[in-house]
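Chains B and H, in that order, are what the protein sequence lines are. Mapping of the first sequence onto my numbering: position 152 corresponds to residue 152, and the numbering continues sequentially without gaps. Mapping of the second sequence onto my numbering: position 507 corresponds to residue 731, and the numbering continues sequentially without gaps.
FYI, nobody ran anything at the bench for these hints, they're computed from the structure. Note that this is a predicted model, so its numbers are computed, not measured. Just to be clear, a hint being listed does not mean it is correct.
As the list claims (entries may be wrong) - As a list, the in silico DSSO-like pairs of lysine-lysine whose alpha-carbon atoms are at most 27 Å apart:
id, chain 1, residue 1, chain 2, residue 2
1, H, Lys445, B, Lys153
2, B, Lys153, H, Lys698
3, H, Lys579, B, Lys210
4, B, Lys41, H, Lys579
5, B, Lys116, H, Lys603
6, B, Lys150, H, Lys579
7, H, Lys413, H, Lys603
8, B, Lys150, H, Lys567
9, H, Lys325, B, Lys41
10, B, Lys153, H, Lys325
11, H, Lys567, H, Lys579
12, B, Lys34, H, Lys564
13, B, Lys34, H, Lys445
14, B, Lys153, H, Lys579
What follows is the residue order along each chain.
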Amino acid sequence: MSNVAGKAYGMNVLTPLRWWTALWQKLIFWVVVKTFPYFLKGLLTLSLIHYARWTIINRWSFPRLDKTQPKETLTYSYMLFESNFNGSWDQYIDSFSFAIPGGLDMFWRWNIKYPKSIPLHDFYHYIRFNQIECDHYYNAYPLASANDVKSAKRLTGNLRSFADSLTDNMTDEAFMDAYRQFLADNQHALGSMGDSPLMSTSHQLVQHHKQVNTAHEKQPEEEA
Amino acid sequence: MNRPLDLDDIQGNICKGYGRYGFPKARYFFLQFHTPDQGRRCLHQLIPLITNAEPWAADGDSPLKPDVTTNIAFTYAGLEALGLPQRSLNGFPGEFRMGMKSRADILGDNGPSAPEHWDPVWQGEGIHAWVSINGRDMDAVETRFSVIRGIISDTGGVSIRPGHRGADNTLLPWQDASAVYENGKVTPKEHFGYVDGIGNPYFEGCGNDPSRLPGRGKLNKEGQWQPLATGEFILGHVDEAQEYPLAPEPHLLAHNGTFMVYRKLHENVTTFHHYVDSVAQDFDGSRELLMAKFSGRWPDNGAPLTLAPDDEAKAALDQQLASLTEKADKGDACAAAQLKALKDQWIDFTYADDKHGSRCPIGAHIRRANTRASLETQKGAFNTPSALDDRRRLLRRGLPYGGGQKEASDATEQGIIFMCLGASIERQFEFIQQQWINYSNDFHLGNDKDVLIGSNNGRLTDKHIIQTQPKSGKAPFFCSHLPRMVETRGGDYFFIPSITALNMIAQGIIDPT
C-alpha cells in the first residue's frame, strides 16, 4: 500500500453529507462548471496539481460489485474527492489551504463536520480522518511531475514545428537566428528531469524495506 | 491581531540580527550536559547573561546597547538531558526530535555534504546546547567566553564539545565567525564576494522600525505590504493560518520561544571562481552580471536585478548612487531622501514585471529563497498574492566564518554559519531547502537546483537557465555542469526558549500536568 508513486501522490477523500444538502452541493458544482474557470482560477494556478475531481455519490447509488452483493442502507450521501499531485501530503494540503481557502470551503461547505480550511490543523485532521489509502498506485513516468509532462509535450510539438520550418537553402546565420528564437520561445520548458525529492522519512523507510525484501527474494533463486 | 510582545521575555537573537546592530564578531559553542542536575545548575548561572529582545536606545527607559550579547538554545537530546518530562518532550515537532542529521536526505546533504563528512563535533551524540556570543569586537567576545567557561568549570558535569575544524585543519572547541573585512572596514559580504543578509521578514511586534516593512512583510489583496503574523516566527502567538503553531506543553515552555536551524556551510571558493571564469567567457555580459544572474543581486552592493538587469543599467544606477551620496553627504536633504527612496528598492520589489525572468532569472537564489508573490502567476488567483510564500519565510541570522588567508581555496576554511529561525522547521526551512533550493517544480524548471547552495554534482543536467526577453532575438544562456559550490559541514535543529522557560527549565519545574 502506498499513496506515492514517483513524483506523484494519489489522494482519495470520502466525506458524508446529508441527502438534501447533496442537492445544494450539486447546484454549486453546476455553477462552477457553468462559470468555468472563474471559481477554479486558483486551483488551476497551483501547478503541483495534476487534477482534482469532486463527485457526489447518492446514498442509494453506491456501486455493488455484483447483484448478489446486498444493498447497503446508508444514512448519508457522500462526496468523493480524488486528486493526483506532486509533492507530499502536507505540502499539498498547505498549498490548498493557503492559496484557495474560499474555494475549498465552497466545495466542502455542506459536508458533515467540515471545519473550514482555516485554521489549518482542523482541516488537516478532517482530511486525514476521511482519507482512503490507495491499494495500488501506478505512475508511468515516475521521474516526471505534471509540469514536466506539460513542458515536454509543448517542447516536442514546438521542436517538430521548428524542424518543419527549416529549409535546405537556409543560411547558417538564418538558422542560428531561428534556433535562438526557438530556444527563447521554449525557455520555460527546459528544466532538467530527475528523481523525486524525498516525500517523507516514512516513505524512505518503505523504499528501503522494499529493496531489502527484493534482495532477500532474489537470494534463494541465485543459490538454486 | 496579536498583542504587543513581551520583548524582555524573548531572546534577543529572535528579533535582532546582531550584525545589523554593530556586532561583527561571534563565537558559537556547544555544551554537553552529563547529568540533569548539573546541567540545570549551569543553566541557572548562565541565565543572567542571556540577552533579551528589548530595544536598545542611547537614553530613556530602554537599556543601552551592550558590548556583547549571549543567547542559548537546546537540541531535543539537550532537553532530554536536562530532565524535561516525557509528556513535554513528546509535544515537540517530529523534525526537531529527529535532528538535522536524520533529515539529510530531505535537505540534500549528500555526497561531500553527507553527515559522515561533517566536522568531528557533529559525529556521535552529545550536542545538547548551542551558546552564541556576539560582540562589537573580539576582545568583548573573549571576555564573555571566559566568564561562561568559568561558570561551566565551577558547576561541573557540563563540557564544551570540541571538534570544529579551523584554519590549517586544527580542531577547536568553538566556532568563531566574523563579518568579512575590506581595507579594515566591516562589509556585509560573504566569501564568494556577494553582499549578503538583505531582506529579513518583518512581523507583528518585532520591535523594528515600521519604515522597514515594505518588501519584508506579506502582500494583501490590494497589493500593500503588511507585517507577517507573529506566530510564523514565535511560538505561542497566532500564525498566518490563524492558529497557534504546534508546540509542546505546558504553554509557558513554548510561549515566546522558537526553533532555530544551525548549519555550517563551507564555500568552495576555487570551484566557484573557476566556474564563473569559465562560463563568463561565453556569456554576453560582465563577470559581475553573470554572478548577479546566479544570485539575483549584484555582488558589490546587493542591488537587485529587477532594478538593474544588465551592465548598462548597473552603471547608470552606480552613477546615480554616487551622485546622490555625494550630495547627501554635503547636507542636501532632498538628495538624502532620494537616496533613501532608491535604497528602499533593494528590498521593496516583486517580480510582477519580470514574469519571464529576463531581469532576475526564475532560478536565481533570491527568487527561490523568497518568492515575493511570484507563484501567483495569474492575478487574483489566490487568497492573497503572497499566499504561497507567507508561511515559508525565514528569519536569517548568522555570519561568515574563516577566510583571511592569503590564498583561499576549496581546502581552506571559509563559509557561512547559517542560522534561521521560525515556528516550524519542517514547513519553513525544510520546505524551502527541499522544494525551492534543490528542486524547481514550483518554478516550472524541473529538477534544476540553486547555483550557489544547491546540491549540484557537475553533471550536464545540473544547470541554471538565464532567461532572455522574449522576442529579443537572444537565446537564453545555459550554465550547465554546475559543481557543488557549498558543502554542509555540520549543524542541528535547536529550540530557543523564552527567558521564562529558561528559568523553568533551570529550576526543573516544567510540569505539563
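Evaluated hints:
1. Note on Lys445/H and Lys153/B: the hinted pairing is violated, with a Cα-Cα distance of about 34 Å set against a maximum of 27 Å.
2. With a C-alpha separation of about 23 Å, the suggested pairing of Lys153/B with Lys698/H holds against the 27 Å cut-off.
3. The straight-line distance between the Cα atoms of Lys579/H and Lys210/B is roughly 43 Å, outside the 27 Å bound, and the hint therefore fails.
4. Between the alpha carbons of Lys41/B and Lys579/H the distance comes to roughly 18 Å, so the proposed pair stays at or under 27 Å and holds.
5. Under the criterion of a C-alpha separation no larger than 27 Å, the hint pairing Lys116/B with Lys603/H is consistent with the structure, at around 24 Å.
6. In summary, the hint linking Lys150/B to Lys579/H is supported, as the alpha carbons are separated by about 19 Å, within the 27 Å threshold.
7. With a CA separation close to 36 Å, the supplied pair Lys413/H and Lys603/H exceeds the 27 Å bound.
8. Pair hint Lys150/B plus Lys567/H does not hold up; C-alpha atoms about 40 Å apart against a cutoff of 27 Å.
9. The straight-line distance between the Cα atoms of Lys325/H and Lys41/B is roughly 40 Å, outside the 27 Å bound, and the hint therefore fails.
10. Proposed proximity of Lys153/B and Lys325/H is contradicted: the alpha carbons are some 39 Å apart, above 27 Å.
11. Taking the CA atoms of Lys567/H and Lys579/H, the gap is near 23 Å; set against the 27 Å cutoff, the hint holds.
12. Under the criterion of a C-alpha separation no larger than 27 Å, the hint pairing Lys34/B with Lys564/H is inconsistent with the structure, at around 51 Å.
13. Distance check on the hinted pair: Lys34/B and Lys445/H sit about 26 Å apart at the alpha-carbon level, within 27 Å; holds.
14. Using a Cα cut-off of 27 Å, the hinted pair Lys153/B and Lys579/H holds, with the two alpha carbons roughly 21 Å apart.
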